[in-house]
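Trainee: If you want the building blocks of each chain, they are given just below.
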Amino acid sequence: MTLLMNILTVFVSVALVGNYVFSETLGICPFLGVSSKPSTALGMGLAVTFVMTLSNAVTFLVFEYLLKGKYEYLQTIVFILIIASLVQFIEMLLKKMVPSLYKSLGIYLPLITTNCAVLGAANNAVGNDMVSGDFILSTSYGFSAAVGFTLAIVIFAGVRSRMDEKDVPESFRGVPITLVAAGIVAMVFNGLLSGISFG
Amino acid sequence: MKLTDVKNQFADGLFNKNPLFVQVLGTCASLAITTTVKDSIAMGIAVTAVLTCSNLLISLLRKFIPNEVRIASYIVIISGFVTIVEMLMNAYLPDLAQSLGAFLALIVVNCIILARAESYASKNKPLPSVVDGIAMGLGFTLALFLLGSVRELFGAGTFLGFSVFGKNYTPIGMLTSPPGAFIVLGCLIALFQYFKKRFSVKKAASSDAKPDSGKPQEEQPDNASEAKEGDAS
Amino acid sequence: MKNVKYVAKIALPLLAICIVTVAVLAAVNAFTSPVIAQNRQSELDANMASFFGEGIETSVVENAEFDKSVKIVYSVSKGGALTGYCFDVTGNGAYKGKIEVLVAIGADGRIIGISNVQNGETPSIGGRVLTEDYISENYVGHTSAQLERDKDVVFLSGATKTSTALNNAVKNAFAAYRLLSEGKEASK
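Chains as they are written, first to last, in my numbering: chain Z, 82 to 280; chain P, -17 to 215; chain L, 14 to 201.
If you are wondering where the hints come from, they were derived from the structure by calculation, not from laboratory data.
No experiment lies behind these values; they were computed from the predicted model shown.
Some hints could be false.
[Stated by the list, open to error] A short list of chain P residues far from chain Z (calculated; beta carbon distances all over 10 Å): (1) Lys(-11); (2) Asn(-10); (3) Ile27; (4) Ser104; (5) Gly139; (6) Phe141.
[To be verified] The list that follows gives simulated cross-link-like pairs (lysine-lysine, BS3-like), each with its CA atoms no further than 30 Å apart: (7) P:Lys178 <-> Z:Lys247; (8) P:Lys105 <-> L:Lys84; (9) L:Lys22 <-> P:Lys105; (10) P:Lys105 <-> L:Lys18; (11) Z:Lys118 <-> P:Lys105; (12) Z:Lys118 <-> Z:Lys184; (13) L:Lys15 <-> Z:Lys176; (14) L:Lys22 <-> P:Lys45; (15) Z:Lys149 <-> L:Lys84; (16) Z:Lys177 <-> L:Lys18; (17) Z:Lys151 <-> L:Lys15; (18) Z:Lys151 <-> L:Lys81; (19) P:Lys45 <-> L:Lys18.
Cβ coordinates follow ideal geometry from the N, Cα and C atoms, glycine included.
Take the sequences, apply the hints, and build the full model.
Mentor: This is how it looks when you write it as structure tokens:
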């Protein structure tokens, strides 16, 4: 029962309240570049969720049983190599099993390796009081962060699909207006959740 | 011949191909770190150090690294330098290391470094690669500095920790929060694009483009949040 | 045979780079980790001195019932008599801001002082929270009962993340303190 409560707490505090995009500002590059089609955004989110859940699971095991204590300074290099391998693996998997998604994600698929959210979630899980030292909680942490990321990019794809570039002043076209819109969405998102506090 | 190349590289790094304002790389760190000017500069310097070292090493090894494993090799090299910077900072500049926090380790996934490794260092000689590293790093630091200045000045009323406007100024707290970061960055990029258009004609005499457009750009952001009409003098 | 040669040809340079990198990191680690450990120790000593004064003996207290948020507990004595405890605690903030601080609580149950150990995972302007004034106004000299009543601890605008975190850290310290003082009462 307590485990379930803990998983739920982790989920709400990472996917919603401490959303990786709107609150921690991680995972911004793909967030900005993702298409304005919510379906592609969802596909991207699912791929990232898969990678992040696996990555948190694997990095937890490696840290707990290999690195902790004497080899902690190797955390950065080992974690990023694990992530790079996982992304490579996902690429091959998608190419074989869902080639349409593979094609529509294009360059953004290998770029998941440099998505700060992935490495960020792995690192944060190690340093977080609540989930460090617990395999299930650490993995849920990665999953929750990814779900929050997916939520953010899907919402935002919807917002972007409604923005017409012709209404925007010239200097703001492209990235700038996207950022300003993202800021407004972030304010709303955080504002809606401001009542919730976990401590 | 050589000196003009270097000047062009700096013009690119600082202005024409500014990693943050033009290439829009390294956004994660820039949104989170720039709440104070001190942190912005610290991050900028850390990134420049890693970028320059990795550019140098990758350029030196460019004929040795097989094409199929190049990305993996770059990642290993970059994370090596990031870890070294982490360890040195924790030992000799612990306060700075604490302010940068988790984002110090995240330099390894800062797209700027991998992008420069892939598009420049792997195809050029060591010396130009070092210059590229310094130029792009400086450009990134400049961008972070501008972003941090706006956010700290108007969001907290201080600059480098020193109170600027006195007790009567009510800070616009929102600017120091993530949504504020998005908006300020968006406005700065818009401003930058505007200036780039106005001054791009001068690219031919590239050594003039930098000092000329550098100045109005530095003054403008202070007014950017007040006069959002986006007009220059 | 050709296949193996090909794989070796592309894998070996990568392997070589990995090995050299790890070796360099191990070397740098060898000479920076003692420096880091030394820094921590002197920081701790300085903090202890400012809380409790000179001539103190400290020892680490272990207790299986301490919450995960309590990192280390030091019991501080002067001339054999218990002067108080120092708690290295963390506290979670409203969103995800986490703070780690040293909270010194005297034998009378009052807070002697709070100092910074590490200012949270993601940097924020919350660094401002730990100013002398803020802490002495709202925390120093208070007992846990007083803090419960005084819901008026003013959260700095724009730094809500870290202020809630600090409050929670102090709460965690008191929880550990209660555990210790109750344990003492029981053993009497």
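Trainee: So, for every hint listed, does it hold in this structure?
Mentor: To see whether the hints hold, each was checked on the structure:
Remark: the non-interface label on P:Lys(-11) is consistent with the geometry, its nearest Cβ contact in chain Z lying 27 Å away (cut-off 10 Å). For P:Asn(-10), the requirement that its beta carbon stay farther than 10 Å from each beta carbon of chain Z is met, with the minimum near 24 Å. With a minimum CB-CB distance of about 19 Å to chain Z, P:Ile27 clears the 10 Å threshold, and the non-interface call stands. At roughly 16 Å, the least C-beta separation between P:Ser104 and chain Z is larger than 10 Å, which holds for a residue marked as non-interface.
With a minimum CB-CB distance of about 21 Å to chain Z, P:Gly139 clears the 10 Å threshold, and the non-interface call stands. Every Cβ of chain Z is farther than 10 Å from the Cβ of P:Phe141; the closest lies at roughly 22 Å, confirming the non-interface assignment. Restraint check: the Cα-Cα separation between P:Lys178 and Z:Lys247 comes to about 21 Å, which is no more than 30 Å; the hinted pair holds. A C-alpha spacing of about 49 Å is found between P:Lys105 and L:Lys84, which places the hinted pair above 30 Å, so the restraint is violated.
At roughly 21 Å between alpha-carbon atoms, L:Lys22 and P:Lys105 fall within 30 Å of each other, so this suggested pair holds. Our distance criterion of 30 Å between C-alpha atoms is met by P:Lys105 and L:Lys18, whose separation comes to about 26 Å. Restraint check: the Cα-Cα separation between Z:Lys118 and P:Lys105 comes to about 36 Å, which exceeds 30 Å; the hinted pair is violated. Only pairs whose Cα atoms come within 30 Å are accepted, and Z:Lys118 paired with Z:Lys184 is accepted, the gap being roughly 15 Å.
Straight-line distance between C-alpha atoms of L:Lys15 and Z:Lys176 comes to about 27 Å, which keeps the hinted pair within the 30 Å bound. For the hint linking L:Lys22 to P:Lys45, the alpha-carbon distance of about 13 Å falls within 30 Å, and the restraint holds. Between Z:Lys149 and L:Lys84, the direct Cα distance comes to roughly 16 Å. Compliance with the 30 Å bound is thereby established for this hinted pair. The suggested pairing of Z:Lys177 with L:Lys18 holds, with an alpha-carbon distance near 27 Å, which does not exceed 30 Å.
Note on Z:Lys151 and L:Lys15: the hinted pairing is violated, with a Cα-Cα distance of about 40 Å set against a maximum of 30 Å. Distance restraint check for Z:Lys151 and L:Lys81: the Cα-Cα separation of roughly 22 Å lies within the 30 Å cut-off, and the hinted pair is therefore satisfied. Distance restraint check for P:Lys45 and L:Lys18: the Cα-Cα separation of roughly 19 Å lies within the 30 Å cut-off, and the hinted pair is therefore satisfied.
Figure legend: structure checked against the earlier numbered hints; hints not met, in rising order: 8, 11, 17.
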